[in-house]
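Line by line, the protein sequences are chains P and D.
Residue numbers for the first sequence follow the numbering used here, so the first one is 1 and each next one is one higher.
Residue numbers for the second sequence follow the numbering used here, so the first one is 1 and each next one is one higher.
Wrong hints could be hidden among the right ones.
As the list claims (entries may be wrong) - To give an idea of the interface, some chain P residues facing chain D are shown, with a C-beta separation under 7 Å as derived from the structure: (1) A140; (2) L143; (3) W147.
By construction, these hints were calculated from the structure, which means they are not laboratory data.
Glycine included, each C-beta is placed from N, C-alpha and C at the ideal position.
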Amino acid sequence: MVALPTTPADILPFVIAIVTSHAFITIVFFPGFIHLMLITMFLTWYERKILARIQLRIGPLYAGGPGGILQPIADGVKLIFKEVMVPYKADKPLFLGIPLALVFLAALPFAVIPFGQNWVIANLDVGIVFVFAVTSLFPAMILLFAWASNSKYPFLGGLRSLFQQVAYEIPMWIATLSVVMLAGSLNLVDIVNAQAKLWFIIPAFLSCVVFFISIMAELERLPFDLPEAEPELVAGWYTESSGAIFMLLFLGLYMKLYLMSSLVTALFLGGWWGPAFLPQPVWFIIKTIFVATLIIIPRGVYPRIRVDMLIRIGWSRLLIIALVNLFVTIFLLSTGILASWGL
Amino acid sequence: MSLVPPDLIFVILAAVTIIGSILALQAKELIYGAVALAISFIGVAGFFVFLDAPYLAMLQIAIYVGAIVVLILFTVMLVRRGSLDEMTDRAEGGEGTVGLWLAGLLAIGIAGVAALAGPNLPTDTQPASLPVSSLGPVLVTQYPVPLIILALLLSSALLGALILAKVDK
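Sequences are here, hints too, so could you generate the full structure?
Okay, here's the thing in structure tokens:
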């Protein structure tokens with residue numbers, strides 16, 4: 001902690017000390033605000049490019065840079081200057097406030113995501129529970145936004161989104177449980193440190209699969225994008241959003257995509273561990289972008305599933321597989337087999 | 001480490017919790033009431049963080065805000081708007097009187113229990129790190145008074161819910 005300045009001459013060194021402090025850098029630059037914004041903008045461009053390649057198109061091209069990489073900036077500028085249309089008899093405070101809350105909630109869990117041994121904003125002892133507590137607020141926000149739109153299609157989409165996210169939280173949490181048992185800690189830094197020798201995807205492979213499928217449902221990605229099924233619901237729960245509201249919603253959604261991918265990296269893919277020729281955060285970001293790619297690709301490949309299939313997969317497949325992996329983990333831990341593998 | 005005095009944090013958290021719960025009761029639009037309830041719950045979670053129980057705080061947010069408020073929102077949205085307007089206009093004397101009686105009884109009960117057992121409350125404020133299995137015995141042997149007050153609160157809430165849910169004829 002730096003002493004508060006007393007004379008005018010002390011102010012400049014005081015400001016420099018604050019700006020160069022580790023806390024300031026982590027919050028504002030690297031795992032914090034600026035890095036999040038840049039990666040989120042990159043992901044919107046990246047998804048459009050990948051989908052274009054799958055469908056034998058070219059994708060964004062004209063907005064400067066190689067492959068139109070400045071497209072997100074052009075989109076952002078365009079959306080900010082567009083008119084925000086609030087639907088007739090909509091609930092104005094909620095309609096305008098929820099998108100801001102959504103972005104805030106999507107950015108908040110990055111405080112505990114460890115991008116490197118020292119590149120974490122808050123080394124919280126209950127890190128993974130914090131992430132789940134904050135992400136469990138998303139369905140409520142989406143339902144409120146859908147209700148505030150005062151329109152049928154957003155409301156139906158919001159209800160579907162609520163049910164889907166609440167239902168798939170259960171296999172997601174149980175899949176995480178086996179990782180927590182393997183690491184013996186709820187702290188994400190400790191969980192990644194425990195994977196120095198063996199990534200948890202090997203002893204907890206089934207959990208990784210269950211977790212991956214669950215986050216695809218949480219993110220409403222194809223084949224689980226029932227809440228925004230275009231033929232039935234126009235665009236789902238964000239049908240009525242326009243201009244800056246639409247931009248904020250998409251910022252929140254893509255930030256959540258990055259958040260969930262980084263969770264897979266931290267829980268199963270060994271976090272920042274990798275050969276030493278690249279710094280730790282670079283490994284973390286490479287793995288996270290890889291997971292995000294795996295989440296994006298099915299959007300260009302698979303059709304949407306039906307509601308009954310969604311329920312059957314969630315309750316009678318994923319939940320059981322996650323429990324089986326939990327028992328396998330208990331068996332491995334209690335018989336001491338894992339100790340011989342270097343855990 | 002901390003930049004602000006702990007009393008200020010306590011006052012802010014208490015203000016958020018109490019104002020949230022008052023708004024939850026007073027809101028004309030039931031949806032706003034649910035949102036205020038969520039804010040009040042987050043204030044309670046802040047108290048848990050303040051008391052060095054972050055795990056409890058996270059569960060408070062995940063369960064109360066993430067699940068119970070969602071349930072309330074969902075229930076409110078299933079009720080048609082027209083019937084909600086009728087409900088807010090209803091002005092009958094019965095419920096208010098019962099509520100006052102309940103609140104008075106509750107206040108007398110809490111004051112009595114606190115006055116009887118106040119001097120016997122353990123004074124050490126140092127939070128001991130306890131295993132979860134010993135939580136129950138400690139609760140009934142060391143802290144019976146807060147437990148009784150909580151039980152009174154819960155039962156009065158249950159009675160109030162019964163009165164509110166009573167269908168007239």
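Here is what the structure says about each hint:
1. A140: It holds, given that the least Cβ distance between A140 of chain P and chain D is near 5 Å, below 7 Å.
2. L143: holds (6 Å)
3. W147: holds (6 Å)
Checked against the numbered hints given earlier, this structure breaks none of them.
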